[in-house]
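Trainee: Next come the chains, spelled out residue by residue.
2 protein chains.
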Amino acid sequence: MTTLQNDTFLRALMRQPTDYTPVWLMRQAGRYLPEYNATRKQAGSFLNLCKNPSAATEVTLQPLERFPLDAAILFSDILTIPDAMGLGLYFAEGEGPKFERTVRDEAAVAKLAVPDIGATLRYVTDAVSQIRRALNGRVPLIGFSGSPWTLACYMVEGGGSSDHHTVKAMAYQRPDLMHRILDTNARAVAAYLNAQIEAGAQAVMIFDTWGGALSAAAYKKFSLAYITQVVALLKRENEGRRVPVIVFTKGGGLWLEDIAACGCDAVGVDWTIELSQARARVGAKVALQGNLDPTVLFAGPEAIRAEVGQVLASYGKGAGHVFNLGHGISQFTPPEHAAALVKAVHELSPAYHG
Amino acid sequence: MTTLQNDTFLRALMRQPTDYTPVWLMRQAGRYLPEYNATRKQAGSFLNLCKNPSAATEVTLQPLERFPLDAAILFSDILTIPDAMGLGLYFAEGEGPKFERTVRDEAAVAKLAVPDIGATLRYVTDAVSQIRRALNGRVPLIGFSGSPWTLACYMVEGGGSSDHHTVKAMAYQRPDLMHRILDTNARAVAAYLNAQIEAGAQAVMIFDTWGGALSAAAYKKFSLAYITQVVALLKRENEGRRVPVIVFTKGGGLWLEDIAACGCDAVGVDWTIELSQARARVGAKVALQGNLDPTVLFAGPEAIRAEVGQVLASYGKGAGHVFNLGHGISQFTPPEHAAALVKAVHELSPAYHG
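Heads up: the sequence lines are chains D and Y, in that order.
Residue numbering for the first sequence follows numbering that gives the first Met the number 0, beginning at 0 and increasing consecutively.
Residue numbering for the second sequence follows numbering that gives the first Met the number 0, beginning at 0 and increasing consecutively.
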C-alpha cells in the first residue's frame, strides 16, 4: 500500500495533535459540481453512477481536484443494502429514493436476510479499491453506510417521508417486527462496512439521518442500540492502522453522551448545537465532526469566513475536531463558496493548534 | 363574563396544583375530523374558513364535542400577519401556504409595516369573541401567532422550504435587512396577540415552527431575541386573571434554559427531549407543555395508553405539566385514537397529583 501523505483527518479523529483542523464536506461529490453533473449525465442515472466503480471513482475524486480537502468519501448511496436485500431501489425523477417492495408485515420481515456482500455489493467494494488506487495516498478514504434505523425508515415507508408515521407506528405497535428488521440491518451494515474496510476504506461513517425523528426513549431502543451493535462488530484495524468510526445522528444533540458511549471514535453533530457545549459534554471521550450550517454557503465569501471562524472558535484550541458541514452540501451551492470554506478552515485553524 | 368551569389548563400553566394533568392537542381542530372536512368543504377553502368567524367558531368547538379536552384553541393560521401586511397568502392545492409577493430586498423590506390589526385582522378578533361566547366558560380559549422568525421564513422564502436557504442566507449576508423584518414582525405579533387577549383569549401561544432550523447562535439572535421582545409587549392580565404565555420552538430542546428565560410562563417541547430532563433543567421557572410523538397515534389504543403513561411518568409528580403532542396532530390520525389519548391522560394522570 502507498504511504498516506496527509493523515490529518485520521489523526484528528483519534484526537491526536495536528497542525490545522482537517476539513471535508458531506456530499462533497455531488450535484453542486458541474463536472459531477456531466459524469452523471454520461452514466445515465444516479444509480448507474453508484454501480459503476470507474464512474464512482471519477466523481469521488472530482471535489479533490477543486479543493484541498483532507479526506475523500466513497461515492455511493445509503440505500445500497436494502437494494441488495431485493427491495428494488429506484429514483423517480425529482422525488428521491423509492423501493418497489416495502417491509410492512410479518411475511415481508420473514423474507429479509443479510445479503451476501461479495455477491450483491461487489460494485461498492470494487469502487473502494479503485478509489484507493486513484487516490494514491493523497488523503484517506472514508467508507460509509446508513444506520440500521435509517435504512428501516426507507424499507418500511418505501421512500422518503415527512413524518415517518408508518415505520414509527410499527415500532410502537409491533416492536417485535421492528427489532427483527433492525437486527438484520445491523448485521448487514456491519458486514458491509467490514467489506469496505477490507477493500481499503481508512475510516467509516454511519449516517443516522432519521434517528433524530424519534423520541429520546425510542432513539435509544430503535436506533442507538443497533448502531452500538454495528460498531461492536467492526474491524477496527487494517493495514497496521486504526480504522476510526464516526457516528452521525442528525438532530442528536440532546443525546450526545449516549452516542459518544456507543464505541465510536468520533461523533458528527449538526449546527443546532454549540461545538463548545458538545466538547464540554463528550470531548474527553470522542472527537467531534461538524458543524457549519450548509445554508451559510449561500452567503458570500466574507460571511462564510466569519462563520467558519465562529465554528473553529467554538471548538477552541487543541486536537479532536474535524471541520464539516452539519448536513450534506446543497445542490444549489456555488462551488466557489465551498472553496471559500475550505480556504478559511485551512487559514484560520492553525491558530487553534500547536 | 361567564365563570370558567374548568381552569385546570390555566392553573397548570401557572404551576399551580390541579387534580389531573390537563390536555389539548396541537391542531386539534383539523383534517383528521370528518366534521371539520365537511365544514371546510362548505366554506370552500381553508382561508375562507379562517376568515369567517362563524365557521372558525364551529370548527374550534368540534374537537370539544368529541373529546373532553381542557382547552380550546382559536382556529386560524400562523400566516395571517404577513397576509395582513399585503403579501397575498394563498394555498395551492396539496402544496401548503404560499405568498404572491416575497420580501427579499431592500425595497420590499422598506414597504413592510405593522398592519392595523383592527382594520386587517378583525376577522380573527371577531372569531375570538364569538368562540368565547360559544364556549360559555366550558374551558379556556388559547390565542396564538407564529413567531417573528417563523413568519419571516415564509415571507422571504415565499412558502414552505426544506432547508430555508433563502431566508438563512439573508440572515448571514444581510443581517441588517433581516433584523428590520424581524423587528416589524415582533411589533406586529405583539399587537396581534394583545388584540386577541382583549377579544377574550385566556392564554396565548407563540409557535416558533422554524426556530429549530437555525444554529444555536443564530437562534438566539434571529428568533429568541424577537420572541422575547414580543413577550415583553404583551398584556399579561385580563378579566382579572393572568394571561399565560406559552413559547414553543420545535427542535429547541438544546436551548431550553434560554427559552425559559424569555419571560414566558410555559415552554412547549417536542418529543426529542425527555420531560424529566426538561423539568430538571427549567421546571423551577416555567411549566412544560408536551410531548408525545404524534405518530404514536398511528399505533393502537393500548400502545397509545402505554406511551401516554411514559410521558406522564417522565414529567413525574406535581404541578406544571400540560399534556400535548410534540407537534400538530396528523391529518391521517384515526379520531378514536385521539380519544384514547385524552382518556388515558385523564385516567392515568391523577396519580401524579394531590
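Because the hints were derived from the structure by calculation, they are not lab data.
It is possible that some hints are incorrect.
No copy is singled out in the list; a pair is fine if it fits within one copy or between any two copies.
SDA-like mimics (lysine to any residue), calculated; alpha carbons at most 25 Å apart, straight line [stated by the list, open to error]:
1. Lys219 / Ala305
2. Lys220 / His336
3. Lys110 / Pro334
4. Lys220 / Ser329
5. Lys220 / Ser275
6. Lys342 / Val281
7. Lys342 / Ala168
8. Lys97 / Ser329
9. Lys40 / Gln228
10. Lys342 / Pro174
11. Lys219 / Lys249
12. Lys284 / Gly93
13. Lys316 / Ala109
14. Lys219 / Gly262
Note that the coordinates shown come from a computational prediction; the quantities given were computed from them, not determined experimentally.
Trainee: Could you place Lys316 and Ala109 in one of the four classes (within, between, both, neither) given a Cα distance threshold of 25 Å?
Mentor: neither (51 Å within a copy, 43 Å between copies)
Trainee: Indicate which option fits the pair Lys110, Pro334 if close means a Cα-Cα distance not exceeding 25 Å: within, between, both or neither.
Mentor: neither (44 Å within a copy, 34 Å between copies)
Trainee: When no copy is specified for Lys219 and Lys249, does a C-alpha distance of 25 Å or less occur within a copy, between copies, both, or neither?
Mentor: Both. Shortest intra-copy (14 Å) and inter-copy (21 Å) distances satisfy the 25 Å Cα cut-off.
Trainee: If the cutoff is 25 Å on CA atoms, where do Lys220 and Ser275 land: within, between, both or neither? Let me know, please.
Mentor: between (28 Å within a copy, 18 Å between copies)
Trainee: Which holds for Lys220 with His336 at a C-alpha limit of 25 Å: within a copy, between copies, both or neither?
Mentor: Classified as between: cross-chain Cα gap 24 Å, same-chain 40 Å, threshold 25 Å.
Trainee: Is it within, between, both, or neither for Lys40 and Gln228, if the alpha carbons may be no more than 25 Å apart?
Mentor: Neither: 39 Å inside a copy, 51 Å across copies.
Trainee: My question is about Lys219 and Gly262: at a cut-off of 25 Å on alpha-carbon distance, are they close within one copy, between copies, both, or neither?
Mentor: Classified as within; 14 Å inside a copy, 33 Å across copies.
Trainee: Checking an output row: Lys342 and Ala168, CA cutoff 25 Å. Within, between, both or neither?
Mentor: Between. Shortest inter-copy distance 20 Å satisfies the 25 Å Cα cut-off; intra-copy 46 Å does not.
Trainee: Treating 25 Å as the Cα threshold, decide for Lys284 and Gly93: within, between, both or neither.
Mentor: neither (41 Å within a copy, 47 Å between copies)
Trainee: I want to check one pair: Lys219 and Ala305. Are their C-alpha atoms no more than 25 Å apart within a copy, between two copies, both, or neither?
Mentor: between (36 Å within a copy, 17 Å between copies)
Trainee: At most 25 Å between C-alpha atoms: does Lys342 with Val281 qualify within a copy, between copies, both, or neither?
Mentor: Close neither inside one copy (28 Å) nor across copies (41 Å); limit 25 Å.
Trainee: Have a look at Lys97 and Ser329 and pick one of within, between, both or neither, based on CA distance no larger than 25 Å.
Mentor: For Lys97 and Ser329, the Cα distance is within 25 Å both inside one copy (21 Å) and across copies (22 Å).
This entry does not satisfy hints 3, 6, 9, 12, 13, going by the numbered hints stated previously.
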